Amino acid sequence: MELLVASTVVLGMPLLLAALGGLIAERTGVLNLGLEGLMLAAAFVTAWVAGSGRPLGLALVIGVALGGACGLALGWIVVVARADQVVTGIGLNLVVLGLTGYLFGVVGADGFTTGAIAEVRVPGLAEIPWAGQLFDQPWLAYVGYALVPIAAVVIFRTGLGIRMRACGEYAEGARASGVDVVRARLVAMAVSGALCGLAGAFLVLADTHKFVHNVTNGRGYIALAVIILGRWRPLGALGAAALFAYAQGLDLYAQARDLDLPLQLVQALPYALTLLAAAVLGRRARPPAEEGRPLLLSR
Amino acid sequence: MSAVEAGALRPTGRLPRVPEGAWPVLGVALSMLALAPLVAMAGASVPEAYRLLFEASFGSAFGFGVLLTYAVPLILVGVGVAVPYRAGLFNIGGEGQLLLGAFAAVWVGVRADAIADVPGSFVVPLAAAAVGGAVLGGIAGALRAWRDINEIVTTIMLNFIAILFVQYWIAGPFRAPDLSFAASPDVDPGFALAHFGRVARIPASVLIALALAGAVGWLMHRSRVGWRLRVLGLSPALAARQGVSPAWGAFGALTLGGALAGVGGGAEALGNQLHVGFGFSPGWGFDAVAVALLARGNVFAVVPVALFFAFLRNGAGLLQSELDVPGTVVITLGGAPVIVVAAIVGWRAYHRLRKGDV
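Protein chains in written order, with the numbering used here: chain W, 1 to 299; chain Z, 1 to 358.
In case anyone wonders, no lab produced these hints; they're calculated from the structure. Computed from a predicted structure; not experimentally measured. Built from N, CA and C at the ideal position, the CB exists for glycine as well. Be aware that a few hints might be false.
[To be verified] Sample of chain Z residues facing chain W (criterion: CB under 7 Å; computed from the structure):
id: 1; residue: Arg147
id: 2; residue: Met157
id: 3; residue: Leu164
id: 4; residue: Gln167
id: 5; residue: Leu293
id: 6; residue: Thr328
id: 7; residue: Val329
id: 8; residue: Ile331
id: 9; residue: Thr332
id: 10; residue: Gly334
id: 11; residue: Gly335
id: 12; residue: Ala336
id: 13; residue: Ile339
id: 14; residue: Tyr350
id: 15; residue: Leu353
The whole structure should be built from the sequences, with the hints applied where relevant.
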């Protein structure tokens, strides 16, 4: 059981971070379909820097910075040039998948094995049975915990959040009240990319400890499902990511316990659960009204 | 989608009109150009890389046959992505639909050996492949149509489920007993598709792919049903006024797309591999997304673009073995022109509107 709680945190954190990035963009009216590619790009450079013996902190910073820069670039293409957001996002995912695989092949796999970031045990809290595992984690996990309430407060309790959501729900109205919609969306995409960068860095530094081709393996798309199940709210995303990661951890649990279940059945569980949950909750979840729509007549 | 919607308003801007067929040509040209820096960065000779690329597909009769063999799943899955795309939907589930289609075809091809020697018996496993793909596409379509769930998310989820489902069967109850690795048994030889030519081994499945692409192209671009789906993709509001049901349209487009991708898997299984193993698909489902987007959803354009991707995939092997240029470079060559063309198309739609011509 303790194993299951620990694996939920490690498996769920990249999903949660990418989902937070995605929902910040969507709340501002941009459907960031490049979560997968942004994560993968960051995971690649993080592993590259850390794998060449440089400090893990530096690798983390470079990963996040690259995520932010790529997010801004993707944002420029969809927000300023008004390219179709879904098509461009898918295109970015393909480009990054191909380029990282290519560089991985050119540089060679040897330089991509990294150390693990330090674990921090919170005195007292870590002693709680079961749930104590939540407080005996890589320090980056605590950053993830903290980002959930921060994002929720910013989005729902601040003027900045109101302007963001105005861009996402009624861009012409936001513009009429003096919000620079294009700039707001560009900033949101840069933040979104940086959070994906954090997700990719966490994946490498706290989970896989190395880069392999397509290390993200669809996590960016799963994060899109997490956003929907979490109904475009940070706390909801936390719940959805935890549910998915918990189901994913059952696979390891079943193997550790030698349960006599077909492995593939257990592995398919998180995906089936997500579909089922989406089917049940689907109608009640409504995306931001402007999501995916370019700002057409204004500048 | 909205950029397309904006284009549908048909304002008369000062930007010159671009015929629809020009975009795939531009995409393919950009893709060929993008290869040069990637080869150079890997420290290999650029002219040599282009020479090897052409040699792989056109240097020998055998290579040409491989080109056509690669093209079959790319054409069919590409059409399976293009049909929903024109209806305003993104089918990212080609990989799972292809695999489940192949599995269904092989399952029928192994179990229904009693009818294997009837002339034209291959139609039966191919129909099973269509059903297999249609089930996956249909689930995503139903969730989109009646539960409002984004089809990108559901088709990706269904990919994982389909892959694990097939892995369960071929590693367990449906595993060929005499093999050292996990794979299904071979289909009955009576179901296998013929090959033409002694050296080239041009698969008969090419004819099936071309015929189906032609039929679906007619359906999408010449028939009333296709017109309705395309109106739905351009403007759901306009479609509703024309009496097109968005729900049934979405369900139908994704189901048809899934069925076509499934047939792609079935044609590959019956025409080439004859069984389903763990590495059945080298990523056709994802290449096909790039194919359909570069073809901008035009079914007729999917065929040449798919042939171009088969040409890249075929050459990638030689680039890897002769020049040490990693084969994944092909994925980038698919994605980069998709972004550039999307940016140009979006920018043009925006600037037409901004000129105040609406």
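Evaluated hints:
At about 4 Å, the closest approach between the beta carbon of arginine 147/Z and any beta carbon in chain W falls short of 7 Å, and the interface hint on this residue holds. About 5 Å separates the beta-carbon of methionine 157/Z from the nearest beta-carbon of chain W, less than 7 Å, and the hint is met. The restraint placing leucine 164/Z at the interface with chain W holds, with a minimum CB-CB distance near 4 Å, inside the 7 Å limit. Because the smallest distance between the Cβ of glutamine 167/Z and any Cβ of chain W comes to about 5 Å, under 7 Å, the interface hint for this residue holds.
The beta carbon of leucine 293/Z is positioned within 7 Å of a beta carbon in chain W (closest approach about 6 Å), and the interface hint is therefore held. With a least beta-carbon distance of about 3 Å to chain W, the hint placing threonine 328/Z at the interface is held under the 7 Å criterion. The closest approach between the C-beta of valine 329/Z and any C-beta of chain W is roughly 5 Å, which is under the 7 Å cut-off, so the hint is satisfied. Given the 7 Å rule on beta carbons, the hint for isoleucine 331/Z holds: about 3 Å separates it from the nearest Cβ of chain W.
Satisfaction of the interface hint for threonine 332/Z is found here, the shortest Cβ-Cβ separation to chain W being roughly 3 Å, below the 7 Å cut-off. Checking glycine 334/Z against chain W by beta carbon gives a least distance of about 5 Å; that is within 7 Å, so the hint holds. Using the Cβ-Cβ criterion of 7 Å, the hint placing glycine 335/Z at the interface with chain W is satisfied: the shortest such distance is roughly 3 Å. Interface hint status for alanine 336/Z: upheld, as the beta-carbon distance to the closest one in chain W is roughly 5 Å, under 7 Å.
The closest approach between the C-beta of isoleucine 339/Z and any C-beta of chain W is roughly 4 Å, which is under the 7 Å cut-off, so the hint is satisfied. With 7 Å as the threshold, the beta carbon of tyrosine 350/Z comes within range of chain W, its nearest partner Cβ sitting at about 4 Å, so the hint holds. For leucine 353/Z, the shortest C-beta to C-beta distance to chain W is roughly 5 Å, which falls under 7 Å, so the interface hint holds.
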